[in-house]
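**Student:** Using the sequences and the hints, build the whole thing.
2 protein chains.
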Amino acid sequence: MKRLTLEEIGQIAGVSRSTVSRVINDHPNIRPAVRQRVADVIRETGYQPNSAARSLASSQSRVFGLVMPSILQSAFADPYYALVIQAISHACNQNDYTPALFLFQTLEEEEKTSQRIVASGLIDGLVITADTIESAFVSKIQQYDIPFVQIGRPPRSSMADISYVDVDNEAGAYLAASHLIQLGYRRIGQLATAHNTAGADRDAGYRQALADRGLPIDESLIEISDFSEAGGYAAMRNLLERQPEAVFAQSDAIALGAIRAIRDSGLNVPDDIAVVGFDDMPLAASADPPLTTVRQPIYRTGLLAAEALIDITRTSPMPARHIVLPVELVIRASSGAVS
Amino acid sequence: MKRLTLEEIGQIAGVSRSTVSRVINDHPNIRPAVRQRVADVIRETGYQPNSAARSLASSQSRVFGLVMPSILQSAFADPYYALVIQAISHACNQNDYTPALFLFQTLEEEEKTSQRIVASGLIDGLVITADTIESAFVSKIQQYDIPFVQIGRPPRSSMADISYVDVDNEAGAYLAASHLIQLGYRRIGQLATAHNTAGADRDAGYRQALADRGLPIDESLIEISDFSEAGGYAAMRNLLERQPEAVFAQSDAIALGAIRAIRDSGLNVPDDIAVVGFDDMPLAASADPPLTTVRQPIYRTGLLAAEALIDITRTSPMPARHIVLPVELVIRASSGAVS
DNA sequence: TAAGATTATGAGAGCGCTCTCAAACTCTTG
DNA sequence: CAAGAGTTTGAGAGCGCTCTCATAATCTTA
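Chains as they are written, first to last, in my numbering: chain A, 4 to 342; chain B, 4 to 342.
Simulated from the structure, these hints should not be mistaken for laboratory data. One thing to keep in mind: the hints can contain errors.
Intra- or inter-copy, both count: the list cannot distinguish identical chains.
Unchecked claim - Cut-off 30 Å, straight-line C-alpha distance, at most; resulting in silico cross-link-like pairs (DSBU-like, lysine-lysine): (1) K115 with K143; (2) K5 with K143; (3) K115 with K5.
**Tutor:** Below, the structure written as structure tokens:
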């Protein structure tokens, strides 16, 4: 099917290119009859303006980039990202933006592709999910003045200048640890993660909860893991030697790995060791035992990130916005609170 | 940072816009010294051609779309899609294409967005994952002559005209069912799916295996599910009444749901009922018991789809290509073959 | 070394839009 | 109903590339 141009639409409707352009872009001061006639032609022909021409003339592409730095690639299978992507895709569709996806599997891939992204004008803005503290990428997009919103708070040193959407990790961890304390557990371990702000915040919440109830912080009860099931399994094996009564895992995947490790050592969850996770992934509810966990609004996080970005690109120079979403504790069997 | 233009690069290098363009597009007939000088300037300045201008002048955008029709949205969290997306993203990065993502959550979203996609010239080609038989979308992109590759074979009626990449579902199911038969099981049920060609092919393989060993096909041992864990659970509950000795699940998620259902009814896997899945998801290996399943090369599927698409866009009118990838049976504990 | 063939470079048009500016048209209101 | 104000429309330039065509530079070969 031949693609039409503005000129041709104008011809059919008996007006000039300019007028058709005005109709498309919702400009005022067009006679209602004319607007209607043009709109009809557009609808009937299924005309869509050529996006390259549009973007060249207006220097905005209506394309957003969704960036996941190289470190994340292995974790990409996590349903977390699926939800974030769905949310951003939905927000883009609703607002006539197109989401482009940038996953970097190696540093050189990141290097090469990121230069193309920032310097080619292909993209109007970026949503970046950075779960690692340091990102060369961020400074590059700042250099080129590309609006962006980060998912997950950046390190404190750069927080002020960067717009982000995050969940209240500290409060969530506080909730989780407090829950375990209230159930009477005293030796409460943590399966923590390193080098990411979410992990740092969850750690802070865990410590605060213990401190607020007058429990000592036993560093030997804190094991470092990555965010994976396998990582949780390995970390829990180490932790088992310290004989914790309960454990707060910084993610559901870690918690699931921990449960497997506890089982493999012949112990029972929650009777011997109680477990609380973080995320409330779909699997958490159907796990065995069902996982007590901190539910974070993942879809909402992605949605708000995209909407914030749209807002920023509209009203360009404005203070960075920080959005922090509340979380809630979902109590199931793994913490020993319900049978 | 100010973005440079071809003209400016030319000025710095002491040549015309045209020459710089030639260097960028690897045209022959440039003096090596000149080529070198221009290339140096480009490298030093980090210059990237403006993609809108390029795409307007050349009428190709170097953007590929990755489309997942509305039906799939709930299943999108399946790690299958994460892998496919990663593979396509990688192939795009390697070939200077940008992958754009189109997920449709409702039919009206699909309607509106798809018109924009096909008619705006934003996209040079599409990879579509259609696990549903019928797609209005496909006929739309055919109308506009947009090259595309489908992941998963289309229905036979349209197979000849459509390029696709698929795994050998029939052979995989044949392998799975034959494995169960060889282990001595006779009443072998199937947790099947409806309205998708992958399911139809797996069903065919299952039936063929039974037929080849002279076993009767007992339709009452075949239950219809969707591809989810919950679907598998529900379907297995029904199937339990027929007392199968073994069951072939058309996906790992279904198999996991089935195992949960079998457990909940007080029976053991594999001692009372053996289970075989399909996919070999990461979870399959660490499931309890570890799942015997048919491994399909998911990443490879995505990679080949993207590469086929690149190939098609280069050499436009050519016969549709059909790529079918082999699968293999991975034997673990759930089928009762190993303890 | 002159003429023709070949190679290297630049000038110019044009891709399909947006946006400014000027012209034409429609209201007011005295 | 003429003059001024406001509203509606069209013409034209320009966004930064690619691609064709003409010209300039270089290489052949007699």
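**Student:** So, for every hint listed, does it hold in this structure?
**Tutor:** Verification of the supplied hints:
1. When the C-alpha separation of K115 and K143 is checked against a cutoff of 30 Å, the pair qualifies only within one copy, where the shortest distance is 12 Å, while the shortest distance between copies is 35 Å.
2. In this assembly of identical chains, the alpha carbons of K5 and K143 lie at most 30 Å apart only when taken from different copies (13 Å versus 40 Å within one copy).
3. For the homomeric pair K115 and K5, the shortest alpha-carbon distance between copies (19 Å) is at most 30 Å, but the shortest distance inside one copy (35 Å) is not.
Violated hints: none; the structure is consistent with every hint.
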